[in-house]
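Visitor: Okay, here's what each chain looks like letter by letter:
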Amino acid sequence: MITYELPGQHVIAAHLVLDLPLSAENRDREGVATICARTLDEGTRRHPGEAFAEQLETEGAGFGIDVSLAGLQTIIDVPASRLGIALQLFAEAVIEPEFAEADVRRHVQLRLAEIEQARANSAQTANVAFRAAVFDPTSRASRMNGGEPETLAGVTPQAVRGFHTAGFGPQGATLIMAGDFADDPVALAEAAFGGWRNPEQARAPQPPVGSAEQKSILVDRPGAVQADIRLGGFGIDRKDPRWADVTVASYAVGGAFLSRLNAVLREEKGYTYGVRMQFSPLRTGGSYAVQGSFRTEVAVDALAEGRTLMDIRNHPITANEVNDAVAFFTGVTPLRYAAADGVADQAATQVLADLGDDYVDRSLAALRAVTPESATAAYESLVDLDRLTLVVVGDADRLAEPLRTVGYSDLTVQDAMSQASGPALAGPAVQPTGPP
Amino acid sequence: MSLAPATLLRYPIEEQTLDNGLRVIASPDHGAPSVAVNLWYNVGARHEEPGRTGFAHLFEHIMFQGSANVPSGQHIALMQAAGASVNATTWFDRTNYFETLPTGGLDLALWLEADRLGSLLDALTQQNLDNQREVVKEEKRQRYDNVPYGDVIERLIALTFPAEHPYGHTTIGSMEDLNAATLSDVAAFFRRHYVPNNAVLTIAGDVEPADAFARADTYFGPLPAGPLPDKPREDPMPPLGSDSGDLPRAETSAVVPAEAVYISWRLPARSTPDFDALDLLFGVLGHGQTSRLHKRLVREAELAETASAACMGLIGGNSYGFGYARARDGVTVEELEAAMLAEVDSLAEAGPTEIELLRAKAQYERHWLHELARIDSRADTLGEYATLLGGPHLINTRLGEVHAVEPDQISSASQDWFGVDGRATLIYRKDQG
Numbered sequence: 010m011i012t013y014e015l016p017g018q019h020v021i022a023a024h025l026v027l028d029l030p031l032s033a034e035n036r037d038r039e040g041v042a043t044i045c046a047r048t049l050d051e052g053t054r055r056h057p058g059e060a061f062a063e064q065l066e067t068e069g070a071g072f073g074i075d076v077s078l079a080g081l082q083t084i085i086d087v088p089a090s091r092l093g094i095a096l097q098l099f100a101e102a103v104i105e106p107e108f109a110e111a112d113v114r115r116h117v118q119l120r121l122a123e124i125e126q127a128r129a130n131s132a133q134t135a136n137v138a139f140r141a142a143v144f145d146p147t148s149r150a151s152r153m154n155g156g157e158p159e160t161l162a163g164v165t166p167q168a169v170r171g172f173h174t175a176g177f178g179p180q181g182a183t184l185i186m187a188g189d190f191a192d193d194p195v196a197l198a199e200a201a202f203g204g205w206r207n208p209e210q211a212r213a214p215q216p217p218v219g220s221a222e223q224k225s226i227l228v229d230r231p232g233a234v235q236a237d238i239r240l241g242g243f244g245i246d247r248k249d250p251r252w253a254d255v256t257v258a259s260y261a262v263g264g265a266f267l268s269r270l271n272a273v274l275r276e277e278k279g280y281t282y283g284v285r286m287q288f289s290p291l292r293t294g295g296s297y298a299v300q301g302s303f304r305t306e307v308a309v310d311a312l313a314e315g316r317t318l319m320d321i322r323n324h325p326i327t328a329n330e331v332n333d334a335v336a337f338f339t340g341v342t343p344l345r346y347a348a349a350d351g352v353a354d355q356a357a358t359q360v361l362a363d364l365g366d367d368y369v370d371r372s373l374a375a376l377r378a379v380t381p382e383s384a385t386a387a388y389e390s391l392v393d394l395d396r397l398t399l400v401v402v403g404d405a406d407r408l409a410e411p412l413r414t415v416g417y418s419d420l421t422v423q424d425a426m427s428q429a430s431g432p433a434l435a436g437p438a439v440q441p442t443g444p445p
Numbered sequence: 267m268s269l270a271p272a273t274l275l276r277y278p279i280e281e282q283t284l285d286n287g288l289r290v291i292a293s294p295d296h297g298a299p300s301v302a303v304n305l306w307y308n309v310g311a312r313h314e315e316p317g318r319t320g321f322a323h324l325f326e327h328i329m330f331q332g333s334a335n336v337p338s339g340q341h342i343a344l345m346q347a348a349g350a351s352v353n354a355t356t357w358f359d360r361t362n363y364f365e366t367l368p369t370g371g372l373d374l375a376l377w378l379e380a381d382r383l384g385s386l387l388d389a390l391t392q393q394n395l396d397n398q399r400e401v402v403k404e405e406k407r408q409r410y411d412n413v414p415y416g417d418v419i420e421r422l423i424a425l426t427f428p429a430e431h432p433y434g435h436t437t438i439g440s441m442e443d444l445n446a447a448t449l450s451d452v453a454a455f456f457r458r459h460y461v462p463n464n465a466v467l468t469i470a471g472d473v474e475p476a477d478a479f480a481r482a483d484t485y486f487g488p489l490p491a492g493p494l495p496d497k498p499r500e501d502p503m504p505p506l507g508s509d510s511g512d513l514p515r516a517e518t519s520a521v522v523p524a525e526a527v528y529i530s531w532r533l534p535a536r537s538t539p540d541f542d543a544l545d546l547l548f549g550v551l552g553h554g555q556t557s558r559l560h561k562r563l564v565r566e567a568e569l570a571e572t573a574s575a576a577c578m579g580l581i582g583g584n585s586y587g588f589g590y591a592r593a594r595d596g597v598t599v600e601e602l603e604a605a606m607l608a609e610v611d612s613l614a615e616a617g618p619t620e621i622e623l624l625r626a627k628a629q630y631e632r633h634w635l636h637e638l639a640r641i642d643s644r645a646d647t648l649g650e651y652a653t654l655l656g657g658p659h660l661i662n663t664r665l666g667e668v669h670a671v672e673p674d675q676i677s678s679a680s681q682d683w684f685g686v687d688g689r690a691t692l693i694y695r696k697d698q699g
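In the order they appear, the protein sequences are chains A and B.
For the first sequence, this note's numbering begins at 10 and goes up steadily by one.
For the second sequence, this note's numbering begins at 267 and goes up steadily by one.
Since the hints were made in silico from the structure, they are not lab data.
Just so you know, even glycine gets a beta-carbon here, dropped at the ideal spot from N, CA and C.
The reader is advised that the hints may include incorrect statements.
Stated by the list, open to error - Have a look at the derived ranges for each label pair, beta carbon to beta carbon: (1) B/Thr-598 to A/Gln-97: 41 to 47 Å; (2) A/Pro-179 to B/Glu-672: 41 to 47 Å; (3) A/Gly-203 to B/Asn-662: 33 to 39 Å; (4) B/Asp-697 to A/Thr-147: 34 to 40 Å; (5) A/Ala-196 to B/Pro-337: 55 to 61 Å; (6) B/Asp-373 to A/Lys-248: 44 to 50 Å; (7) B/Asp-373 to A/Glu-389: 34 to 40 Å; (8) B/Asn-662 to A/Glu-199: 48 to 54 Å.
For reference, chain B alone in the conformation it holds in the complex (with noise of 0.2 Å):
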C-alpha cells in the first residue's frame, strides 16, 4: 500500500494568450500522425436566460450550420473528409467543439473553427434555426422522453437547486423554451459568449507548440475579442434543508419495469478541497463492485437489481451528488430506501475504511490514467482545467492531490455536505401499463 500514486504524468503543455484574449494550449504528442483540435467555450446551461432553457445546447446545434464561408453542414462533413472524428458537447458549465484528425488537416480544422467563431450570424437563417430546434426536439425525445426513467435527472434537479438558480435545470432543457427561441435570441447569445477570450483553444498531437502557437494565431488572431459576459450567479448554497429545515421530497410514477429510489445533495464546487474529499467518498459508497451499496444491496441482501451513487462536479457555488437504486421484485421501494439510507448514515458516522479510502484512489487513477490515454479526451481534459479550474497544467499532477485526501478532511466534509441529512429524495413508483 503506497501513499503516492504509481504513475507519475509528464505530459508537456504549453500555453500562450492571442492578443485577442484567445488562450491556446498546446501538447505535443508524436505517437501518431494525427492531432486534436478542442475548443472549450466558457458557456453552458448555467449562462441560460430565464424561460430559455436548452439554448446553449440548441445554440451548440446552429454552430454547425454554417458561417460566412462554410455551407450549413459542411463543418462536419469537410472534416470527416479530411478522416476527422468531430462533434461537439454542452453541460451546465461550458460546450467544447472537437475534432481529431491526419495532422495535415490542422489547418482545415482551425480554419473552420475560426470562420464560425469570426462569422457565425452571416449564415444564420430562420430555417436553420426551425430545422434544428426540430432536431433537438427530436434529440429529446430520443434520450429522454421516450426512455424508462428518462425524466428522473430533470426531477431531481428541480428537488436540489431553486428553479432560478443556474443549476435548477436540465441541458436539454424544455419543450416550451425551445419553441420559444427566436433568431434574436441566437445572435445575442452568439454576440454575448463567443468571443476569443472567452474560449480556450487547445492542439494536442503531432504538433510541436511553436508550430501549434503560431497557426491558432494564423486563423483566430484576427478575430476581435468582445466584452466579457457577467457571471451568473456563485454564491454557495448551503446544504438541503440548512435553511428550512424540510428535506425536499417527491414521488412520480410511470409505466417502468421496476421502482426505484434516488438521493441527492448539493456539495461544494468542484474547485475545493472538500469536493475531493467527497468524491472519493461517494466513490466509496456506490461506485464499482465492492461500493457499499452494491455490496449491502445488490450483493447481500439483495434488495436492489442495481445500486450506485456518483459526484458531478461543477464550477457555480455548489456540485451535485446523487445515489440510487432500483428494486429486486417483491422488494418495496421502503425498504430499499431505508437500506439505502442505513449505508448513508453508517458512511457519514465512521467514514471510509482505510482500505476503501485506497481502493478509492486506486480506482480513480486508473480512470484519470485512461482519460489521459488518447489526445482527444487529454486535449478535452487540458481545455476543461483551462477554463474551469486552475489551469491546464494540473493534469500533470492531479493524481497527487487526489492521493493526497487524508481521511479527517473527508471526515469533515463529510460533516459539512453528507452526515448532515441535507438530502432530496425521489421516489419512482410503477404504474401498471
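In isolation and in its complexed conformation, chain A is listed as follows (with noise of 0.2 Å):
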C-alpha cells in the first residue's frame, strides 16, 4: 500500500492495481478481463443491481477502471470526508462483484457495438491496424485490449467469474491513495481490504512482447477525406538505459511544437492539424510512430516528407534541441504531481510497469544526462528507416497507386471490417475547439 498526503487536495484519489496481465486471459475468451472489469460496479452481493452504483454515486463517488497489457486498475474518487464509505463500496465491488448473468450478457452486447464504433473511427482503426502490424502476431499486444467479436462471444457469465477468482486477490496487488486526507488511509484501506482472502488466486506470468515482420498496410475507407498515418516500429521500455535520450530525440524530432515534423508539416505546408513521434513503453518492448491524419490530397506527400524527416543521419540532434527537450520535460513534472490524480496515476504506471518507487527521480536524472550525440545514437540504434511498418487508414482508390509508386511496393489493402478498437464515441462533440 502506498499513500501520498497532499494538502489542499480535496478529492482523494484510490488506485487499486492488480498484477494481472491480459495475456492471463483464455486465448479463446479474450475479452474476459475487459468484461469482469465493466461489470464490476453492477451490483455486489451487499448492493445489489443498481443499489450499488447508487450508493456510490450518493457518495459523491466516481468509479472506474483501467485495463492495460500489464494488468488492471480499479479507480476511485471521492472527496475526503466520504473516503471510508466509499472505500467500503470499493472492496465490495472488488471483492464480491455479482456478476448477474444479464449484466454480463449487456457488457458483451455493449462492448461488440464498442467494436463497430471503432470501425468507422479513422483513428482508432489505424491505432488497431498498427499494433496488429508491428507486435508478434502470436502476443496478447497485437490484439485489441478489450477483445475481438470472435473471442467475445466466448465470454459467458460463468467465464467471468472464473476470471475473477483466478485473477482477482491480495497477492501481488497494490493500493495507492493519494490526496488531503480527513482520516488516517491506512486505518480506512485495513477496515476495507483487511478481510481480503482469495485462496484460489493464481498468479500468471509477465511475458515479453516481441516484434513483428515489417509491412505496409492500407486500410481502406471509401470517401474519407483524410487520411490516418501511423509509420514506425517496435521499440524499447523505460527500463531500457536509451529510454531518456530516445525520448529527447523524439521530442526534438515529433514532440515539441516546433519540432521537426510539425515545424514543416503543420506550420510551413499546412497539411495537417498536427503531427507527432512518440514512443510507447510497455512492460517490456514497446513501439513507436510518428502519426498524424492528413487531407487526402497531401497525404502521400505528408508521408514522403514526413519520412526524410525522420532521417537524422545527416541531421543529427543538437544541443538546443536537447536543453529545449530536457527544460521541456523537468518542467511540466512537478504540475503533473501536483493533483491527486496524476500522482497515484503516475504510481500505479510505476507499479505496471515495475520500475520502482523512484522512478521519477531516476528519470529525470538521466534526462538531464542527455547529451546530443546519445540521444542521436540511441535514436539511429532504434529508428531503422529501411524497416518501417506503415499503416494509412483512407481512401484506397485514391492512395494505392501513389503509396506504390513512391516505394511501398508491398502495400496490402484491406477492407476497414477487418479491423477494429478502443473506447467508443461519445455522442456530439462539445469540447472547445483549440489549436496544437
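Could you use the hints to bring the two separately framed chains together as a complex?
Guide: This is the structure:
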C-alpha cells in the first residue's frame, strides 16, 4: 500500500493495481478481463444490482477501471470526507461483485457495439491496425485489449466469474491513495481490504512482447477526406538505458510544437492539424510511431516528407534541441504531480511497469544526462528507416497506387471491416475548439 | 444525508484592474513551484459576423503566428522550452490562452502574452493566414468531417437556434466561411476585440498577489485601452416551439454503425438560478450510471448502447441542453425515441426523487473540486467566473449555491423550459456502406 499526503487536494484518488496481465486471458476468450472489470460496479452481494452504483454516486464518488496489457486497475475518486464509506464500496466491487447473468451478457453486447463504432473511426482503426502490424502476431499486445468479436462470443458469465476468482486477490495487489486525508488512510484501507483472502488466486507471468515483420498496410475507407498515417516500428520500455535519450530525440523530431515534423508539415505546409512522433512503452518492449491525419490530396507527399524528416543521419540532434527537451520534461513534471489523480496515476504506472518508487527522480536525472550524441545514437539504433512499418487508413482508390509509386511496393490493402478498437465515441463533440 | 456541501473552499483570490482596464486576478498556491498564466478574452463564436463563421477560432490560431518581437510559432516553442504546457481554445462565449510553467518563467509568459496583445498585426502576413486557414480546415476534417456523427452538433444547433442567432453556428464554422476570411477581417477582429479592457488575466500558483499584480502591470500596463465592442444580442429566446407551435425535427443519414436519436432544448442563460436547477435536472436525466436514461434505456430495456444528457451553459440569453441515445442492433429509432421521451416526460411530470437530487449535487461537488484541484484548471475557472459570470470569488461559494437548489425551483424551471414539449429532434439513420 502506498499513500501520498497532499495538502489542499480535496478529492482523494485511490487506485487498486492488480498484477494481472491480459496474457492471463484464455486465448479463445480474450476480452474477459475487460468485461469482468466493466461489470464490477453493476452490483455486489451486499448491494445487488443498481443499488451499488446508487450508493456510490450518492456519496459523490466516481468509480473507474483501466485495463492495460500489464494489469488491471480499479479506481475511485471521492471527496476526502467520504473516503471511508467509499473505500468500503470500492472493496465490495473488487472482492464480491455480483456478476449477474444479464449484466455480463449486456456488457458483451455493448463491447461488440463499441467495436463497431471503433471500426467506423479512422484514428482508432489506425491504432488497432498498427499494433497488429508491429507486435509479434502471437502476442496479446498485437490484439485489442477489450477482445475481438470472435473471442467475446466465449465471454460468458461463468467465464467472467472464473477469471475473477483466479485473477483477483490480495497477492501482488497494490493500493495507492493520494490526497488531503481527513482520516488515517491506512486504517480506512485496513477496514475495507484487511479481510480480503482468495486461496484460489493464481498468479500469471508477465511475458515479454516480441516484434513482427516489417509491413505496409492500407486500410480502405472509401471516400474518406483524410488519411490517418502511422509510420514506425517496435520500440523499447522505460528500463532500457536508451529511454531518456530516445525521449529527447523523439521530442525534437516530433514531440515539440516546432519539432522537425510539425514545423514543416503543419506550420510550413498546412498539411495537418498536427503530427507527432512518440515512443509508447510497454512493461517490456514497446512501439514508436509518427502519426497524424492529413487531407487525402497531400497524404502521400506528407508521408514522403515525414519519412525524410525522420532521417537524422545527416542532421543529428542538436544541443539546443536537447536543452529544450530536457527543460520541457523537467518543467512539466511538478504540475503533473501536484494533483491527487496525477500522483496516483503515475504511482500506478510505476507499479504496472515494475519501475520502483524512485522512478520519477531517476528518470529526471537520466534526462539531465542526455547529450546530443547519446540522443542521436539512441534514435539511430532504434529507428531503422529501411524497416518502418506503415499503416494508412484512407481512401484506397486515391491512395494505393501513389503509395506504391513512392516506394511502398509491398503495400497490402485491407477492408475496414476486418479491423477495429478502443473506447467508443461519445455523443456530439462539444469540446472547445483549440489549436496545437 | 446533509444539505451542505461536505467541503468548504477557501482559495485565496485577489483582483486588481490596471489603468487600461485589464482585470488581473491572483490566487497564490505554493504547493508546487509552478505558476499558471491564463487570459480570457470576452470574444467567441457568438461575436462572429454573418459569413465569417469559424473566425474567432481561426483568429486564435493567428495569435500563435508571431507579433512584433516574436517570430511565427515561437510563442509555443519558447514556452515549451521554459517547461510550459501551453494552449488556447475557442468556444461560443469566449477565447482563452494559457500556459503553466515553472515559476521562474512567469516573466517570459507575461511578456509573450503582452507582446501579441500589443502588436499582433505587426507580424500578420497573408502567408501566415493562409497556412493557419489550412491547419484549421485540417482540424475540421479530423475532428468533424472524418468522424462518424461528426455533423451532429452542427445539425442540432441549426434546429435549436435561428441561423442568424449568435448561437446559431458552431465554433469550427464552415469551409466556405473559412475560405472567405481575409487579412482585413483579421485586423478588424483584432482591433475590435483584443483590447486589455476586454480581457481577464489570471495568475495562479507559486507567486504572491502583490508580485503578480506588479508583473502584470510591468508587461500589460503600457498597452492602451480601446473602445469596447458592441455586445451581440442577448435577449432570451423562449423555449422551442412556443412561438409557432412547430417543433423542429430533422432526419439525416450516413454510413454509421448505429442509428441514433438526439433531442435538444433551449434553456435559460447560465447566470440564472433556473439554469442551476436545470443543470441538476439534466444530471438526473442523463449523467452517470444511475441516470434515468442509462438505467432505463441501456440497463433495463436494452434499447440503447449508450444514452446520456447534459447542459451546456452559455451567457447570451440562452443556454443549450441535449440528450441522446444510440440504438442497439435490431432496435428502431422510433422505439428509441419513444423510450427517451417517456423518461423526459416522467422526469418533467414528477421531478427528481429526493435521493436523485442529493446524488446529482454530490456528483457536482466532486467534479467541481476536481476542476479546482490543479492551478491550471483553477486559473481557467477563475477567468471564466470573472469574464462571464459574477466574479472570481464565486468559485469558493459555488458549491453552496448548487446545494441550496430546492426541489420546487427544479419543478418550476422544469415546467418553464423542460416539460413544455419545447424540444428539437434529430434522427440519425444508417446508410448501408
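Visitor: If a hint holds in the structure, say so; if it doesn't, say that too.
Guide: How the hints compare with the structure:
{"no.": "1", "hint": "B/Thr-598 to A/Gln-97: 41 to 47 Å", "verdict": "holds (43 Å)"}
{"no.": "2", "hint": "A/Pro-179 to B/Glu-672: 41 to 47 Å", "verdict": "holds (46 Å)"}
{"no.": "3", "hint": "A/Gly-203 to B/Asn-662: 33 to 39 Å", "verdict": "holds (38 Å)"}
{"no.": "4", "hint": "B/Asp-697 to A/Thr-147: 34 to 40 Å", "verdict": "holds (38 Å)"}
{"no.": "5", "hint": "A/Ala-196 to B/Pro-337: 55 to 61 Å", "verdict": "holds (58 Å)"}
{"no.": "6", "hint": "B/Asp-373 to A/Lys-248: 44 to 50 Å", "verdict": "violated (39 Å)"}
{"no.": "7", "hint": "B/Asp-373 to A/Glu-389: 34 to 40 Å", "verdict": "holds (38 Å)"}
{"no.": "8", "hint": "B/Asn-662 to A/Glu-199: 48 to 54 Å", "verdict": "violated (35 Å)"}
Violated hints, in rising order: 6, 8; the structure is consistent with all others.
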